[in-house]
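Following the hints, put chain B in place on chain A, whose structure we already have.
Protein chains in written order, with this note's numbering: chain A, 1 to 332; chain B, 1 to 266.
Fair warning: there could be bad hints in the mix.
Stated by the list, open to error - Where chain B lies over chain A, by a calculated footprint (3+ residues, C-beta under 8 Å):
| hint | region |
| --- | --- |
| 1 | 12-22 |
| 2 | 31-38 |
| 3 | 107-113 |
| 4 | 143-157 |
| 5 | 188-194 |
| 6 | 253-262 |
Just so you know, these hints were derived from the structure itself, not from any lab. Computed from a prediction, not measured in an experiment: that's the story for all the values here. Even glycine gets a Cβ: it sits at the ideal position worked out from N, Cα and C.
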Amino acid sequence: MTQGVMVFAETTGGTLASIAKELLGAGRKLADALGEPLLAAVLGHGVQEAAQEAVYHGADTVYVADAPVLETYQTASYTAVMAQIVAQAQPSILLIGMSDNGRDLAPRLAFRLGTGLASDCVDLAINPETKLLEATRPVSGGNAMATVVIEKTRPQMATVRAKTMEPAVRDPSRQGTLVPVEVTLDPATLPARVIERVKAKAEGVRLEDAEIVIAGGRGLKGPEDFYALLEPCAKLLGGAVGASRAAVDEGWVPTQMQIGLTGKIISPKLYIACAISGAAQHMAGCGYAKTIVAINRDPDAPIFQRAHLGVVGDYKKVIPAFHKKCEELLKK
Amino acid sequence: MDIIVTIKQVPDPEAPKESFRIDEEAKRILNPANVDPVINGYDENAIEAALQLKEAVGGKVTALCMGEESATRALKQALAMGVDEAILLHDPAFADADATATAYVLAAAIRKLGKYDLILCGRQASDWDQAQVPSGIAEYLDLPSVTAVQKVEVRDGTVRVERILEDGYEVIELPMPCLVTVSNEANRPRYPTLKGIMAAGKKQIPVWNAAALEVDPARVGRAGSLTRVVKLYIPRFEGSCEFIEGETPEEMGEKLALRLRELKII
Numbered sequence: 001m002t003q004g005v006m007v008f009a010e011t012t013g014g015t016l017a018s019i020a021k022e023l024l025g026a027g028r029k030l031a032d033a034l035g036e037p038l039l040a041a042v043l044g045h046g047v048q049e050a051a052q053e054a055v056y057h058g059a060d061t062v063y064v065a066d067a068p069v070l071e072t073y074q075t076a077s078y079t080a081v082m083a084q085i086v087a088q089a090q091p092s093i094l095l096i097g098m099s100d101n102g103r104d105l106a107p108r109l110a111f112r113l114g115t116g117l118a119s120d121c122v123d124l125a126i127n128p129e130t131k132l133l134e135a136t137r138p139v140s141g142g143n144a145m146a147t148v149v150i151e152k153t154r155p156q157m158a159t160v161r162a163k164t165m166e167p168a169v170r171d172p173s174r175q176g177t178l179v180p181v182e183v184t185l186d187p188a189t190l191p192a193r194v195i196e197r198v199k200a201k202a203e204g205v206r207l208e209d210a211e212i213v214i215a216g217g218r219g220l221k222g223p224e225d226f227y228a229l230l231e232p233c234a235k236l237l238g239g240a241v242g243a244s245r246a247a248v249d250e251g252w253v254p255t256q257m258q259i260g261l262t263g264k265i266i267s268p269k270l271y272i273a274c275a276i277s278g279a280a281q282h283m284a285g286c287g288y289a290k291t292i293v294a295i296n297r298d299p300d301a302p303i304f305q306r307a308h309l310g311v312v313g314d315y316k317k318v319i320p321a322f323h324k325k326c327e328e329l330l331k332k
Numbered sequence: 001m002d003i004i005v006t007i008k009q010v011p012d013p014e015a016p017k018e019s020f021r022i023d024e025e026a027k028r029i030l031n032p033a034n035v036d037p038v039i040n041g042y043d044e045n046a047i048e049a050a051l052q053l054k055e056a057v058g059g060k061v062t063a064l065c066m067g068e069e070s071a072t073r074a075l076k077q078a079l080a081m082g083v084d085e086a087i088l089l090h091d092p093a094f095a096d097a098d099a100t101a102t103a104y105v106l107a108a109a110i111r112k113l114g115k116y117d118l119i120l121c122g123r124q125a126s127d128w129d130q131a132q133v134p135s136g137i138a139e140y141l142d143l144p145s146v147t148a149v150q151k152v153e154v155r156d157g158t159v160r161v162e163r164i165l166e167d168g169y170e171v172i173e174l175p176m177p178c179l180v181t182v183s184n185e186a187n188r189p190r191y192p193t194l195k196g197i198m199a200a201g202k203k204q205i206p207v208w209n210a211a212a213l214e215v216d217p218a219r220v221g222r223a224g225s226l227t228r229v230v231k232l233y234i235p236r237f238e239g240s241c242e243f244i245e246g247e248t249p250e251e252m253g254e255k256l257a258l259r260l261r262e263l264k265i266i
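Bound-form chain A, shown alone (with noise of 0.2 Å):
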């Protein structure tokens, strides 16, 4: 019989990842709907902290696998440890995050496991009759909807996206249990081998952590925009700049900057989008911003569905105008 919802809740730098308490925070409502504890999986080297930390944020038990070997992240160890958890475990429910490691490791485990996944969900809950995990997910990009349920096999395995759960909140005085896991991986059985870690370079503000973000597409037909107007207007609000794939897919700007689906998630409190359509796939990695603006010459594109604020023109002069007038407006 398998019980508890677990999360697997990830770390950066020893400590736990937003993510991790987006997880804890969508789990805690899902365990509380069921009546069954809330479990959490903190996999890395050096992480105690992090695992008492997860306690803080709603887990009742913790499984702490710290060792040397999961440093970093491996295909190969995390899915054995994950798997060796779950054993261990037998939750009903498994939650991982659409992170880079987390959209890795999920479909590898669930296949390990022999259960099915729901990937990418935006919104989970448990069915008041059929006790059962219904997962909702975005899919052809966006353009339509999908509510998953696993029937037969468990855990119910859902990889949910980032920034579509409500963090949980911090409580010190909340108590919990550690549980040790014995990690028996020998590091030279491990297939692959990570040979470096490369940083893209950044300046200024990180699009994922920017208030304001201001971001061009297909419609500013080369480069040379991206740096002339939109940068130093995102500068002037201090904000930053991201793209939609299509600029991106013609090489005008580097991957990092893309938002969506495949790129960046973010909700800033400000997105500002220079001749962007709005495609589905786009608006997924910006939909969840608490304004969004669109300029666009189009007053068809399906963008302005979106927006909060709209202006049907051409973004070449509205841009430097609008610039303008926030420099009047932020000397004030």
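Using the frame of chain A, we list chain B on its own:
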């Protein structure tokens, strides 16, 4: 070097948004009327990566596709791009397969082929966006795998890839045989040449069914699926956009700034 590429035929994501159709009852994504289906875009990146490796180190590229008989179209296109051989995995029993049942059939076909050093797949399919099947194939065949790479090379019998990370990438080395999923950053897929299209027209595409693959009928198609779609719908967004009015774009730009200030957003 023997490379296998798995491909899927999908509705054209470039088709006009209005033409997007689903069957809510059968929980299927339909092909829009009058728009031909295409090879999934990421699978084209996988084909291109395979062809570039073949050009660099020599060998043979085989494309596998599970789907309806109409999916020979995607395989013809793969042949026209330069793939050496193409095989369709089709059986009425394969219909409505989820990722588990799909990976099972593809793994069975790869086993039947027998000889492979590298399996390349697209990072996900643009219809269901699951990104699960490749990891499943790797698990069934007990191969090391890396997903979502922007570069794949072969050096001294080792596969070297760049796995995309949010803030950069990591370089990973894998022994062969292994499985790698390719992202759109990796390359720009070539267009078939006229010569390629002519040659593809003459090539036979064998069809392997459940019997040929010697698969367990309980593990294919709907019967073998572990996930079930209980609801499929098109989300509606109420258009509540407030348009900034103005005589000129410059005026609208200024008014936009003023409005955002008024809303205390900037």
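Verification of the hints:
Counting residues of the region 12-22 of chain A whose beta carbon lies closer than 8 Å to any beta carbon of chain B gives 0, which falls below the threshold of three, so the coverage claim is violated. Only when three residues or more bring their CB closer than 8 Å to a CB of chain B does the claim for the region 31-38 of chain A stand; here the count is 0, and the claim is violated. Counting residues of the region 107-113 of chain A whose CB lies closer than 8 Å to any CB of chain B gives 5, which reaches the minimum of 3, so the coverage claim holds. By the rule of at least three residues with a Cβ nearer than 8 Å to a Cβ of chain B, the coverage given for the region 143-157 of chain A holds, with 11 such residues.
Closer than 8 Å: that is the beta-carbon criterion, and the region 188-194 of chain A has 4 residues meeting it against chain B, so the requirement of 3 holds. Check result for the region 253-262 of chain A against chain B: holds, 4 residues qualifying (beta carbon to beta carbon below 8 Å, three or more required).
Checked against the numbered hints listed earlier, the structure breaks hints 1 and 2; every other hint is satisfied.
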